[in-house]
Amino acid sequence: MWTPENRGRYDRSGLRYPSDLTDAEWALVQPFILPIKHKASPAPERLREILNAVLYVLSTGCQWRALPKDLPPRSTVHGWLVRWHCDGVLDRLHFALYQQLRELEGRPASPTTAIVDSQSVKSAEKGGTTSTQSAMTRPRRSRARSATSSSTRWV
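So that you can map any letter, position 116 of the sequence shown is 156 in this note's numbering, and since no number is skipped, the others follow by simple counting.
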């Protein structure tokens, strides 16, 4: 409900873009985003700007080349997004925030119940993985079809 205290809590008017991280949000995310220090590691402020640029693309749906000039270059932003994805940083961050939210709601950090619908079970019993695999495999082309006919005569 939009009460005066909720409006103040969710007010983003002081930020450059609505997708930018507040200081409190950055404090939650920072331990996951900051890499182990080595020569090529950017400063924490730079990583915050890179994450702000990723969030800008995700929230606006803009193309990478349409990133505003006051954000880091698109190649840098995309490179760090790929790196975070490949290293599992984004998955760990999502899981930790998910657990924190459940605890804030007074629920156990990990769910104790799972729901499986009957349609999923039926397709798995019929060999759902093989049918999915065959649907995802490219069809084979015969060699005869791709070769030129020997009866073609050039004039």
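Think of the hints as simulated: they come from the structure by calculation, not from any bench. All values derive from a computational prediction rather than experimental measurement. Keep in mind that the hints are not guaranteed to be accurate.
Said to hold, decoys possible - Computed spacing ranges between beta-carbons, pair by pair: (1) Gln-159 <-> Ala-64: 21 to 27 Å; (2) Arg-47 <-> Gly-128: 22 to 28 Å; (3) Pro-71 <-> Asp-51: 23 to 29 Å; (4) Cys-102 <-> Leu-137: 23 to 29 Å; (5) Pro-75 <-> Gln-103: 24 to 30 Å; (6) Pro-75 <-> Thr-43: 29 to 35 Å; (7) Cys-126 <-> Leu-95: 25 to 31 Å; (8) Leu-130 <-> Cys-102: 16 to 22 Å; (9) Asp-110 <-> Tyr-50: 32 to 38 Å; (10) Gly-48 <-> Asp-127: 22 to 28 Å; (11) Pro-71 <-> Asp-157: 24 to 30 Å; (12) Cys-102 <-> Pro-75: 24 to 30 Å.
For glycine and all other residues, C-beta sits at the position ideal for the given N, C-alpha and C.
A quick look at each hint next to the structure:
1. Gln-159 <-> Ala-64: 21 to 27 Å: violated (42 Å)
2. Arg-47 <-> Gly-128: 22 to 28 Å: Taking Cβ atoms as reference, Arg-47 and Gly-128 lie about 36 Å apart, which means the hint is violated.
3. Pro-71 <-> Asp-51: 23 to 29 Å: holds (26 Å)
4. Cys-102 <-> Leu-137: 23 to 29 Å: holds (24 Å)
5. Pro-75 <-> Gln-103: 24 to 30 Å: holds (27 Å)
6. Pro-75 <-> Thr-43: 29 to 35 Å: Since Pro-75 and Thr-43 have Cβ atoms about 40 Å apart, the given range 29 to 35 Å is violated.
7. Cys-126 <-> Leu-95: 25 to 31 Å: violated (19 Å)
8. Leu-130 <-> Cys-102: 16 to 22 Å: holds (20 Å)
9. Asp-110 <-> Tyr-50: 32 to 38 Å: violated (24 Å)
10. Gly-48 <-> Asp-127: 22 to 28 Å: For Gly-48 and Asp-127 the Cβ distance comes to about 36 Å; the hint is violated.
11. Pro-71 <-> Asp-157: 24 to 30 Å: The hint (24 to 30 Å, Cβ to Cβ) is violated, given that Pro-71 and Asp-157 are roughly 37 Å apart.
12. Cys-102 <-> Pro-75: 24 to 30 Å: Hint holds: Cβ distance 26 Å, inside 24 to 30 Å.
Hint compliance for this structure: hints 1, 2, 6, 7, 9, 10, 11 are broken, all remaining hints hold.
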